[in-house]
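Going line by line, the protein sequences match chains Z and F.
Residue 130 in the numbering used here sits at position 130 of the first sequence, with consecutive numbering throughout.
Residue 191 in the numbering used here sits at position 191 of the second sequence, with consecutive numbering throughout.
Source of the hints: derived by calculation from the structure; they are not laboratory data.
For clarity, every value in this text was computed on a predicted model and none was experimentally measured.
Do not take every clue at face value.
[Said to hold, decoys possible] FRET-style restraints, in silico, Cβ to Cβ:
id	chain 1	residue 1	chain 2	residue 2	range
1	F	P67	Z	Y182	12 to 20 angstroms
2	Z	R42	F	H17	55 to 63 angstroms
3	F	L195	Z	L278	18 to 26 angstroms
[What the hints assert, rightly or not] Quick look at which bits of chain Z chain F covers, simulated, 3 or more residues with Cβ under 8 angstroms:
id	region
4	54-66
5	162-170
[As the list claims (entries may be wrong)] Straight-line C-alpha distance at most 25 angstroms; calculated SDA-like pairs for lysine to any residue:
id	chain 1	residue 1	chain 2	residue 2
6	F	K197	F	R60
7	F	K177	F	G136
8	F	K210	F	L220
9	F	K167	F	K210
10	F	K197	F	E209
11	F	K210	F	N199
12	F	K167	F	E202
13	F	K167	Z	I179
14	F	K197	F	A212
15	F	K55	Z	A230
16	F	K55	Z	H184
17	F	K197	Z	M1
18	F	K197	F	S240
19	F	K197	F	R178
20	F	K55	F	P38
21	F	K197	F	E241
22	F	K55	Z	G178
23	F	K177	Z	F160
24	F	K55	Z	A181
25	F	K210	F	G125
26	F	K210	F	G101
27	F	K167	F	E127
28	F	K210	F	R178
29	F	K167	Z	G180
30	F	K227	F	I80
31	F	K197	Z	G180
32	F	K55	Z	T227
33	F	K210	F	F84
34	F	K55	Z	S177
35	F	K55	Z	I179
36	F	K167	F	E182
37	F	K197	Z	L260
38	F	K55	Z	A290
Even for Gly, the Cβ is constructed at its ideal location relative to N, Cα and C.
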Amino acid sequence: MMLYDAFISPFAEFEFMRRALVGACTLAVGAAPIGVFLMLRRMSLVGDAMAHAILPGAAVGFLLSGLNIFAMTAGGLVAGFVVAVLAGLVARNTELKEDASLAVFFLISLALGVTIVSMRGTNIDLLHFLFGSVLALDNQTLILIAVNTTVTLFALALVFRPLVIECVDPNYLRSVSGIGAYAHLVFMALVVVNLVSGFHALGTLLAVGIMMVPAAIGRFWARDITTMIAVAITSGLVASYAGLLLSFHASVPAGPSVILVAAVLYALSVLFGRVGGLIHQIIPRRHLEA
Amino acid sequence: MTAQLRFSNLTLGYDRHPAVHHLEGEVQSGALIAVVGPNGAGKSTLFKGIVGALKPLAGRIDRNNMPARDIAYLPQAAEIDRTFPITVYDLVAMGLWHRTGSFGGIGHSDRDRIEAAIRAVGLTGFEQRAIGTLSGGQMQRMLFARLLLQDARVVVLDEPFTAIDAKTCADLLDLVKRWHGEGRTVLAALHDIDLVKANFPETLLLAREKVAWGETSRVLTPDNLLKARRMCEAFDEEASECVAETA
């Protein structure tokens, strides 16, 4: 019964824990594959910048109509899309290095967002914006997350092939088809959609965590992208479940503990990962015959 | 013989500076042409123009109503992300894009084609290797396999044999000849004059402007090569607007 108490009863007894589990797991299923593509396209920081960019948009929604999920979602989506398009334009049309402009950009967004939220809300509201409220997911938010994840998986299936080719050999894709630009747009839209989902559950600062940390874990265990996505989703699910348990038993905030568990999995992967893990590199093994 | 490509007063370049200047001429359907010239002569620029990656500054390229997918292009330094987790088999399979598109399935006959292409370039046994583990020569073989699958009427190869060993070069040259035998039009930028003389019936000697174009033995004369070598490489930042009209 000890095991039951430790691993199952928190979810069996408390509805908010069940909701949190459903929300976090649904989120992880959509966000992990997006994270894998962000990582493979060397856009990890872009995801981070976009997550921050969503903040002022959601904050404007909050300013206009309080903690209304639709207003905040709409604001976040609009801000996210605007930034996605602008970042793309800047990267394509100027000589400015992308990382520099992004660093500037997300600091501005964060400052702007925090200021706007503080104009109307309390410190509690601000914490909600920055770190989410995975333990207080209402029906509307859960449905929003579920819809976003469903859309993500379907859309990703549709653009999967051009997206992979664009990552490996963009010039080739350009020479055979004009679809690359559209695939990229769809992908950026999916990034925004998932960040908005993540924003509700984990807040601005941690939404990228459920996207990028599982993806980084996947890289240490797989040599092909399909397995990598499978590993990423699995670790996202494990982190959601174990993180919520940790938060329940140790009375620590839920969102951060989900990401912390993912971080532990990441550390283990860095050490023991089959593909490029440190232990594998350190332990000298005889070279093969051929 | 019909003209597959026709260049009329074609000028291609960057920031208004011409890299290919007032080029006139026709590429016949089924031709096997070597494009020769020093570095900076405009070979790559011309190829980018042919495949449509670069818009002409002036003049035009007439592709005889050929759809873009009928031109297969191997860039000089293919910008392939070699760290991307993808196998040789999957990368070669990209060559079937014109049949499969974004989500068309890859059936039995397609699998046979992919395997045949991998066999033709001598990479059998490497199908499940990650592309990051290939050597330079193997990489080039793999890209030729993808070109094979593209089944294009025009094949444009930008310095395909640079930094490639003799055996690989000979094998890939056989594929080029096979394409020629199948009636495809092949253009290849090359530096090895002996290789061109031995294998390419037609040559375009380029040094920003056309130095000579025609039968290889008449084009690659010491005189012409010297003329090409004298070409000034640097752009003149103060250059005035070009008013030459070759109608």
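In rising order, the numbers of the hints this structure does not comply with: 2, 3, 4, 6, 9, 13, 15, 17, 18, 21, 23, 25, 26, 28, 29, 30, 31, 32, 33, 37, 38
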